[in-house]
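Peer 1: Each chain is listed here by its residues.
There are 2 protein chains.
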Amino acid sequence: MRQRSVKNQDDILNNSSKYVKEPNIKKGTWKSKQYKEMHIEIGIGKGTFITTLAHQNPDILYVGIELSKAVLALAIKKTRRFEEEKNIKLNNLLIFDKDATTLDEIFNKEEVDKIYLNFSDPWHKNKHAKRRLTSPEFLKVYKNILKEKGKIEFKTDNRKLFEYSLLTLNESKVLMEYISLDLHKEDIPNIMTEYEEKFSKFGPIYKLIFSFRE
Amino acid sequence: MRQRSVKNQDDILNNSSKYVKEPNIKKGTWKSKQYKEMHIEIGIGKGTFITTLAHQNPDILYVGIELSKAVLALAIKKTRRFEEEKNIKLNNLLIFDKDATTLDEIFNKEEVDKIYLNFSDPWHKNKHAKRRLTSPEFLKVYKNILKEKGKIEFKTDNRKLFEYSLLTLNESKVLMEYISLDLHKEDIPNIMTEYEEKFSKFGPIYKLIFSFRE
Chain A
0 MRQRSVKNQD
10 DILNNSSKYV
20 KEPNIKKGTW
30 KSKQYKEMHI
40 EIGIGKGTFI
50 TTLAHQNPDI
60 LYVGIELSKA
70 VLALAIKKTR
80 RFEEEKNIKL
90 NNLLIFDKDA
100 TTLDEIFNKE
110 EVDKIYLNFS
120 DPWHKNKHAK
130 RRLTSPEFLK
140 VYKNILKEKG
150 KIEFKTDNRK
160 LFEYSLLTLN
170 ESKVLMEYIS
180 LDLHKEDIPN
190 IMTEYEEKFS
200 KFGPIYKLIF
210 SFRE
Chain B
0 MRQRSVKNQD
10 DILNNSSKYV
20 KEPNIKKGTW
30 KSKQYKEMHI
40 EIGIGKGTFI
50 TTLAHQNPDI
60 LYVGIELSKA
70 VLALAIKKTR
80 RFEEEKNIKL
90 NNLLIFDKDA
100 TTLDEIFNKE
110 EVDKIYLNFS
120 DPWHKNKHAK
130 RRLTSPEFLK
140 VYKNILKEKG
150 KIEFKTDNRK
160 LFEYSLLTLN
170 ESKVLMEYIS
180 LDLHKEDIPN
190 IMTEYEEKFS
200 KFGPIYKLIF
210 SFRE
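Chains as they are written, first to last, in numbering that gives the first Met the number 0: chain A, 0 to 213; chain B, 0 to 213.
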């Protein structure tokens with residue numbers, strides 16, 4: 000999701016206990032004893048997906064990553080509203096703004112238990128293929144920070160991005176664990192993102208769950 | 000395609016120079032010198048697809064396989080009509096009725112250059128998964144009769160069969176070369192089967208091209 004800027008966005012971020020200004024400092028020490036796992040979402044948008052998960056699973060630490068400070072500020076406002084409505088505090092949710100290419104400077108090898116990629120930018124021009132979050136370059140980063148057999152869950156409504164991803168995953172010899180070419184027709188639990196709520200009426204949602212073979 | 004029986008089906012088959020009654024006898028000697036390659040289609044239905052290809056590529060030997068004698072008889076009648084209309088003779092087209100599980104008794108190791116699987120039976124019950132033409136058991140047979148780096152082209156409109164196939168192909172560590180989740184939206188040549196002509200208006204046609212890695 001692109002957004003130019005949000006009024007007082009720096010204040011919103013800096014005043015939030017969920018915002019991690021310098022995530023690199025936490026490398027290797029993200030998960031305190033109270034959490035059995037750490038799951039991250041790359042590209043959280045307005046954050047409904049990760050906020051819902053954090054609420055459902057208090058024993059898992061959720062870390063949301065978003066390139067745009069403006070979008071992060073919106074996500075923080077939305078999460079605050081969610082907490083107020085439910086009269087809760089989601090201490091197991093942290094967020095930061097960094098480029099996903101630098102994730103191995105932020106997380107230790109095998110420090111992450113699961114990765115979510117939801118409706119990321121398809122970068123439809125071939126010359127920008129490297130920026131797609133399922134490019135071979137990104138897959139290498141994920142493999143590095145994911146624990147052995149840790150899963151990646153990937154959803155998109157973009158057919159071309161999904162086709163591209165099936166090819167790069169095949170190239171990277173991943174283990175495919177689940178595939179749906181029309182997720183909303185399946186009888187399985189699904190937490191929708193804001194984007195998914197809006198756009199799933201126009202066509203199928205594709206989903207993949209995979210891990211790395213070695 | 001299922002069909003109970005066709006009037007005079009045995010006569011139609013036995014009177015056709017295209018029908019190979021005992022294909023096992025030709026094992027290892029299918030391709031005479033005039034042909035640069037041999038391509039086979041498993042499940043030819045009424046045969047429009049393979050007949051069109053045979054017409055387009057006289058230097059390739061096409062062999063069509065169909066379980067049902069009745070369907071084969073219809074295909075022969077249709078091919079005969081095609082030849083009459085165009086005033087040609089497709090000497091590079093042969094057909095036989097055998098179960099695909101026995102293909103390695105009919106073709107030598109690496110004797111086949113390409114395999115087509117078009118709109119095969121999805122066998123939607125899990126207990127019949129082994130009968131799907133992209134089950135691990137069938138993939139082993141194909142690997143055996145296909146030449147090194149020989150390609151398999153697979154088309155279906157059945158979402159569940161395509162999802163299943165993506166998983167079995169991943170398990171079998173194939174090399175995926177092409178994938179489309181909506182073939183009719185692509186700007187590439189496509190020969191339609193009879194079934195495809197009829198049913199593509201109801202949903203997307205899925206296509207995969209793959210080969211075996213080693």
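A couple of the hints might just be wrong.
Same chains, same names: a pair is fine if it fits in one copy or spans any two.
Claimed, not checked - Simulated crosslink set (DMTMM-like; lysine to aspartate or glutamate; CA at most 25 Å straight-line): (1) Lys126 / Glu176; (2) Lys20 / Asp9; (3) Lys184 / Glu213; (4) Lys150 / Glu84; (5) Lys85 / Glu109; (6) Lys126 / Glu83; (7) Lys77 / Asp186; (8) Lys108 / Asp181; (9) Lys159 / Glu196; (10) Lys159 / Glu83; (11) Lys159 / Glu185; (12) Lys32 / Glu185; (13) Lys88 / Asp156; (14) Lys200 / Glu109.
FYI, nobody ran anything at the bench for these hints, they're computed from the structure.
Peer 1: Where does the structure disagree with the numbered hints, that is, which hint numbers, in rising order?
Peer 2: Numbers 3, 4, 5, 6, 7, 8, 10, 12, 13 and 14 - these are the hints that the structure violates, sorted from lowest upward.
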